[in-house]
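Chains as they are written, first to last, in this note's numbering: chain A, 1 to 142; chain B, 1001 to 1178.
There may be inaccurate statements among the hints.
To be verified - Straight-line C-alpha distance at most 20 Å; calculated SDA-like pairs for lysine to any residue:
(1) 1058/B with 15/A
(2) 1068/B with 1126/B
(3) 1156/B with 68/A
(4) 1058/B with 22/A
(5) 1156/B with 96/A
(6) 1156/B with 97/A
(7) 1156/B with 76/A
(8) 1156/B with 69/A
(9) 1068/B with 1013/B
(10) 1058/B with 68/A
(11) 1068/B with 1118/B
(12) 1058/B with 71/A
(13) 1058/B with 1076/B
(14) 1068/B with 19/A
(15) 1058/B with 17/A
(16) 1156/B with 17/A
(17) 1156/B with 20/A
(18) 1058/B with 78/A
The set of hints was computed from the structure by calculation and includes no laboratory data.
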Amino acid sequence: MTSYFRALQCYGANLREWPAHLWPIALLGMLSRRGRAARRSALADDAAWRRQLQSDGLSLAPSAAMQQRLSAIPGAHRQVAPPQRPVFLPVSMATAAAMVLGIAIGATDLTSSSSVFSDDYQAFASLDIAGSNDVADWLEGE
Amino acid sequence: MVSRDATLLARTAEGDAQAFQQLVDRHSSAVLNVIYRIVLSRADAEDLCQEVFVRLWKQAPSWQDEAKLSTWLYRVASNLAINHSQRVQQRFVVDGELAEQLADASTPLNDEPGDSPALAAALSALPEEQRAAIAFRYYREMPVRDIADVLGNSPKAVESLLGRARRRLRQLLGENND
Chain A
1 MTSYFRALQC YGANLREWPA HLWPIALLGM LSRRGRAARR SALADDAAWR RQLQSDGLSL
61 APSAAMQQRL SAIPGAHRQV APPQRPVFLP VSMATAAAMV LGIAIGATDL TSSSSVFSDD
121 YQAFASLDIA GSNDVADWLE GE
Chain B
1001 MVSRDATLLA RTAEGDAQAF QQLVDRHSSA VLNVIYRIVL SRADAEDLCQ EVFVRLWKQA
1061 PSWQDEAKLS TWLYRVASNL AINHSQRVQQ RFVVDGELAE QLADASTPLN DEPGDSPALA
1121 AALSALPEEQ RAAIAFRYYR EMPVRDIADV LGNSPKAVES LLGRARRRLR QLLGENND
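Assemble the whole structure, with the sequences as input and the hints as a guide.
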């Protein structure tokens, strides 16, 4: 019942204005005497406010000058062209294209630089990274 | 089913001034009244109403809004009106002398025929957002859900706005009646 009263407070007394998922709650609420009384009270309150606020009877109509200004809008203002959408590849297509391109470049580079690679490997292998040759030289000197 | 508004809007998007004029005829009065209930000045309401339709004309070709045209118009109208009222109020705070002139210019409810001064004074004492909620609920008779769409709030937030507005109005009108 609490959610019925909450919904009544939130969406107003006109049950047709309630979201469809709340209709079962509305139905349950209407089955109880307290629920019906709360709805009647909310309806009366809503009507009273409407009467009071509309009591000035004021309803403005656009003046002649304003109508002229409104009619002049198409001549005075340029319409904004819809923005051109940039061409986006779908993610899967972009990924596939990148993979194909990557494989193609990689394969070309490997075949063209395989000898250089092996030379570099030899040079690398002859490096005395740990400095063991230096230590040996120093010991010999001692 | 394609609504009449949607058809007219599609023609407006192609630059059809007559279709635009029909949209103006169908909606200008409602938009003007809503804005008036927020800014409480006929001159300002007419300027802002014109701005709403200028935006409609300009943006018609790139219209992608899923919302109904009336919802879009009310949304733009209420945003413009609330911003305008807030700007006027800021100037009111900054410059006292200017404020008096602005207040004179923006309390024209009394100038309108059949208007109740007490109600007008009470409404002008409300914050702009509450005035907007009141305008949609009690003058346009819109459901809370639709008002929430227009104001970009949840229905609960709108009901809270309306509740606070009613309490304040009750208080102000009660004071006036005493």
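Hint check results:
1. 1058/B with 15/A: 39 Å, violated
2. 1068/B with 1126/B: Violated: residue 1068/B and residue 1126/B sit about 29 Å apart, past 20 Å.
3. 1156/B with 68/A: It is violated: about 41 Å lies between the C-alpha atoms, which goes past 20 Å.
4. 1058/B with 22/A: Roughly 40 Å separates the two Cα atoms, so the pair is violated.
5. 1156/B with 96/A: Violated, at roughly 48 Å.
6. 1156/B with 97/A: Not satisfied, since the Cα-Cα distance of roughly 49 Å exceeds 20 Å.
7. 1156/B with 76/A: 42 Å, violated
8. 1156/B with 69/A: Violated, at about 39 Å.
9. 1068/B with 1013/B: With a Cα-Cα distance of about 16 Å, the restraint between residue 1068/B and residue 1013/B holds, given a limit of 20 Å.
10. 1058/B with 68/A: 18 Å, holds
11. 1068/B with 1118/B: 36 Å, violated
12. 1058/B with 71/A: It holds: about 14 Å lies between the C-alpha atoms, which stays within 20 Å.
13. 1058/B with 1076/B: Distance of about 13 Å is within 20 Å: holds.
14. 1068/B with 19/A: Satisfied, since the Cα-Cα distance of roughly 18 Å is no more than 20 Å.
15. 1058/B with 17/A: Distance of about 33 Å is beyond 20 Å: violated.
16. 1156/B with 17/A: Answer holds: residue 1156/B to residue 17/A is near 14 Å, not above 20 Å.
17. 1156/B with 20/A: Within the cut-off at roughly 16 Å; holds.
18. 1058/B with 78/A: With a Cα-Cα distance of about 6 Å, the restraint between residue 1058/B and residue 78/A holds, given a limit of 20 Å.
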